[in-house]
Every structure is written in C-alpha cells, then in structure tokens.
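Participant: Given next are the chains, with one letter for each unit.
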Amino acid sequence: MIRLRRSLAARVTAMFVLIVALAASGLGTYLYAHFVSEIERRDDTALLGKLRQIQLLLGRPGAAELLRSQPDLFRDTMSGQENSLVRFLAPDGTVLADINASGERYPVPPSAGPSPGRAAIAGWTGSRGDRGRVVAGSARLDGSPVTVVVARLYAERAAMFAAYRRHIAWAVALSALAAAVCSALMLHRGLRSLRTVASHAALVRPGTLAQRLDAGDAPSELLPLIDALNAMLERLQAGYERLSGFSADLAHEFRTPVANLLGQSQVMLAQPRGADEYEALLASNIEELERLARMIESMLFLARAEQDEVLPARQELDAPAELAKIADFYEGMAEERSLRLACTGGGTVLADPLLLRRALANLVSNAMRHADEGSIVTLHAQASAGATVLSVENTGAPIAPEHLPHLFERFYRADTARGNADGSTGLGLAIVRAIMDVHGGSAGVEVAGACIRFTLAFPTAGTVRGPDH
Amino acid sequence: MTILVIEDEPKTGDYLQRGLAESGFGVQLARNGRDGLAIAREGGVELVVLDVMLPGMDGWQVLEALRASPATEQIPVLFLTARDEVHDRVRGLELGADDYLVKPFAFVELVARIRTLLRRGPVREEELIHIGDLEIDVIRRRVRRAGTAIVLTAQEFALLHLLARRQGQVLSRALIASQVWDMNFDSDTNVIDAAVRRLRRKIDDPFPQKLIHTRRGMGYVCEVQAAGGA
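Chains as they are written, first to last, in the working numbering: chain A, 42 to 510; chain B, 1499 to 1728.
Just so you know, these hints were derived from the structure itself, not from any lab.
These numbers were taken from a predicted model, which means no experiment stands behind them.
Backbone N, C-alpha and C fix where the C-beta goes; we use that ideal spot for every residue, glycine too.
Be aware that one or more of the hints could be misleading.
[Unchecked claim] 30 Å max Cα-Cα, derived DSS-like pairs, lysine-lysine: (1) A:Lys366 x B:Lys1509; (2) B:Lys1708 x B:Lys1601; (3) A:Lys366 x B:Lys1601.
[Stated by the list, open to error] Covered stretches of chain A, going by a simulated chain B footprint (3 or more residues, C-beta under 8 Å): (4) 134-148; (5) 212-226; (6) 294-307; (7) 326-334.
Using the sequences and the hints given, assemble the complete structure.
Facilitator: This is the structure we're talking about:
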C-alpha cells in the first residue's frame, strides 16, 4: 500500500482517472438534461397541436351531433393512442363527454382561452406513477362555449430516460477505465528515461567517477536532473581526485622524516656510541617528530576546513593592531635576517582572530623565508567597500609566472630543489587559502619583478557569506 | 605528590610513568579505566592524567565516576586525547576535566600543565623575582643584573617574565608562543628561538654565568645551573 501511495505512476494514474471521470460525467449530465428538456418541449408542442385540432373539429357544423353519436372520433384524432385523454366541459362545469378508457383521474387546469401556450400546460402523475401533461382551452360548440381538456400520459418516457442514464454511466465508467489503462501505459513509457538514468547512476563507483549520465534522448524535463547529477559527479570526482592526490602527497612528505628517523637511529645503534651521540640522535629525532606532528596538525586542519568543520568565530578586529601583533611576533627573526617589517594602512577586518593570525603568520614567515637580505617586508591593510584586504609584500628571488596559480596548493614548491630543509611543511599557503575559504574571502598572489605580494580579502559585515549567516 | 596515569597504550603509559617520576612526581599507572578508578578511590592521588580512549570503561565514564563520588570529586583531571574536535573538548570540560592535551604533545608541556593544575588555588604573583644575580621587578618592569640596569623591550620583558615565573621548568616553544604572543597554533618555531636569542644577548651574553638554557628538542629553561651544565 505504501509503495502504491508513493508511486508517481499510481498517483498520476489516479488523478487522470479522476479527471476523465469528472469530465465525462459532466458532459453526460449536460447532454442528458438537454435531451430531456428537448423531448418534453416536443411533447408539449404535440399536446397543444392536438388541442388545436379538436378546437377546429368542434367549430364545424354538426359537431355537437357528432360528439354525441361518435365520441371515439375525437379520440381518433389523438392518433388513437390509449394514453390520450379528452374531456369536454360545459360553462357550468357539466361534463359533456369524457374519453378516458383507463379511467385516469387528472386535474383540470383553468382554461387558457382559444390558443393556449406552453405555460398553460400543467403536469400530473398517472395512477401507475407515470408522468402526465394536461392543458385546457376554450372552443365553440354549435355557438355555445365549451372547455376542451386534453391530457396525455408518457408511460414509455421514464423507461427511455432511465436507459439513457444507464448508457451515460457506462460510458463514464468505460472512459475512466480506458484513461487508467492508457495513462498507466503512457507513464510507464514516459518514465523509462528516468529508469535509464537510475540504472546509469547505479553504475557509478569510486573508480568510475569520470563517467557521466547520458542525456542523449532524455526528455527536456529530465535534463535539469541529469545536468545536476552530472555536476554532482564532477564535484565528487574533483574532490575524490584531490583527496587521492592528497594521500599520495602525504605519503611522499611523510617518507622523508620517517626515513631520517629510521636511518639515523639504525646507524646509531649499529655500533656502541658515547652518551653525547645518543643524546644528539634523540634531539634530532625529536626535531623530525615535531615536524611530523606539525604536518599532521596542519593536514587535519585542512581536512576539517574542507569539510566545513572549521567555523570561524568572526569579530570586528582592528587591522593595524593585528598586523602590528604579527610584526612584533616576527621581530626577532627579522632582525636576525636584517629584514625590516613595516606595517601600513588602516581599517577593520571581520575575522576569527586565531585564524587570521595563523594566516598572516604563514604569509609573513613565507615572505621572510624568501626575502632578500636587508629588504623590507610590508604588511598592509586597506578597507574598501565589500572587503578588507590585508597584504604581505616582499622583494626576493623572482618567481616564474607559471608557479603562481599553484602556490596555494598543498606541498607545492616553486623551488623544488629547496625541499623542506628550512623546516616548512609545504602546507602553510594551503592553510592560508583554507582559512580564507571558511571566511568566505579569498587569497591571491601577484608578482611585479622581484616584488611578490600576497593578499587576503576578507568580506565586510554586509557581504559575509558562510555557515554563520 | 602522587599522579595517577590511566593509559592503555603500553609505550605511552611507560614513558609517562618514567618521565613523570623523573620530574619528581610519585606515579601510579593503571592500564584500564576500572583499575584506575579503584586506585583513585583508595585515596592519596593528587592528580589524574586520563586517556579518553580506553578499553571497557572509557575516559568519559571514568571522569563521570570520579566526579560522582565525594572522595574523588576534588582531584584535578588532565585529559589526554588523540581527538581535538571542539565538541570533544567541550564534553570533557563539561564533565569536569580541568585541562586537556591533544596527542601528540610535548612532554614538557604535560609537566608544565600538571604543575599548573597542582598549584591551583591562591597563586600569589611575586613582585620581585631573583634568579642568581638577576633581579626582576615585575611591578615596575625593571630588570637588573649584577647591579646593572638592563633595558628590555615589552616583548623581551614578557618572555623573560614567563621564563622566570616558571623557573626550573622546561617551557616548550608552543607554550611560549601562546603565553607571550597569544599565538595559539603551531607557528614557526624559529620565531621563538630568535626571540630567545635576542633576550639572551641582553641578559646572558655580557655575563659569565648563563641563566637561559636550551633543552634541545624540548624548549627553554631559566635557572641557575652548576658550572659546566648543558
């Protein structure tokens, strides 16, 4: 029952049957009513015609004598029908003649003069329950006025109308049945493309994500669905590929520190060593392990940010104060590398303070790593309509333009030879981008000669998108 | 000072027991939640280091049981968890955990947190800190060594104050970044090294006795060491 109720085909069929049944019954009822009223109009016209005939007959000379001697003659003018009744009344109400073989009792309407219309006709019900019609009109019989009453019973009419109603009912039932069968067949055919889509979708596996559903001969109504499913597959495929690429990168990046740990420790254990050598080994191992721990932490952060599990706690922050804070943090390091950190600009920024600092710290540490000795690393803030842009700029070895689009990718290094000897995990800029994504903002990079500038655009209050709005 | 460590992972349990014992604590080790709870109920435990993922009775349940009994409800509990999802931390803190550490953590960090938890209560901020011939006037933010005034930047003073306040404790770089600069994420560790080098230039370099020492792989400690110390 539940399946039936939830089946689209069953529901559409039921609706269709209902519509056809309603339309057919409406049409049948209308035609029946029209038919009945037409028959009744004709009957009434015929009745008035009979009255007219009798009136003419009475106006002839010797009609009174004829009425007395051959009353049946008058009934014969009614085509000899048994169910035609005629009565003649004198002005004082005396019955002059009454042709009424079956002895029906019927009401006599008031006389409507020499030529009555349909309005003068009255209805009555015969002794066996049949419908009857009666009309009275005035005439002259040998110069004296008489009232002629003509009545008629329509015994066969009720049966005819009943048969007609039965036919209509059958016709309605048959059209509903035909509608049910036709619509069920049509729906089955019409939904075939839906089943095709479903069977195609059922074939999609992690390894076959590159496949797309065939929109070939699908009806136009299904095209948006197929397009949406294909777009979904595309996103899934991109995510899946990113994920598998990520695991490959991950394994690769983990290999180096793990190899160092294994190799160093095995070499050290191969011969008896002094305590200071063991100490040095342990300290070196700790450094490698710390790098591994940092990588794990960074990757967890990236994974969560991609699954929208990192929800920024946005606050209105003073941009120059945030820049100054980062500059202060890096002051010692800058001094050692003869760099200068300069903060310029102003405005406020709507961001999660922890995430903002993390992004800025990654950019500054990246800039300092690549800055020319003695140069200035500039931190700049600028608020404009729609976004506050923070930027970190340094001068250093030029970066080839082909690297630019990839700088924010995980483990991407413009200088492949450099590797991660400087302790960076290769995830810093990827984290920057992830942080900007969870803020609904964007991270960018531009190069002008030896000058490279990373920008962070944070949307302002009115334009913030994201899970908390 | 007895610390109860409840940890099922054999290596982790062993090194925690050893490391804490060497840091001067009495340590009892339980390999599962039920044993741990029994030890805590016997009394004498001053702090519990509790792993969340335990067989049978997990860390949450142990914590609930500890908090449900008047004999054990006052014992500070430090959670060790491999998961750092926010709701896990919130749940732990709601159940009455006093602190948590996410694995992997630096051992010195654990010791620092344990010391902080055990020191709870009226902590009196010292106004004048002496380390050897170094004198720090916390209120006036003045530093003198061997009678000579030393001028420090605000950042250098904050760093020195932290090291001096936690005299004798090894402070990890992450802890220093968090306490001095409010950088609560794994930042570039070289930054801390550079900052310490700057401080040392003013505090230690002009004097024969060094006060700020590097513990390779662990962090920094500020103390008067016997001559020839690391």
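Participant: Hint by hint, note whether the structure agrees.
Facilitator: These are the hints, each one checked on the structure:
{"no.": "1", "hint": "A:Lys366 x B:Lys1509", "in the structure": "violated, 40 Å"}
{"no.": "2", "hint": "B:Lys1708 x B:Lys1601", "in the structure": "violated, 33 Å"}
{"no.": "3", "hint": "A:Lys366 x B:Lys1601", "in the structure": "holds, 29 Å"}
{"no.": "4", "hint": "134-148", "in the structure": "violated (count 0)"}
{"no.": "5", "hint": "212-226", "in the structure": "violated (count 0)"}
{"no.": "6", "hint": "294-307", "in the structure": "violated (count 0)"}
{"no.": "7", "hint": "326-334", "in the structure": "holds (count 6)"}
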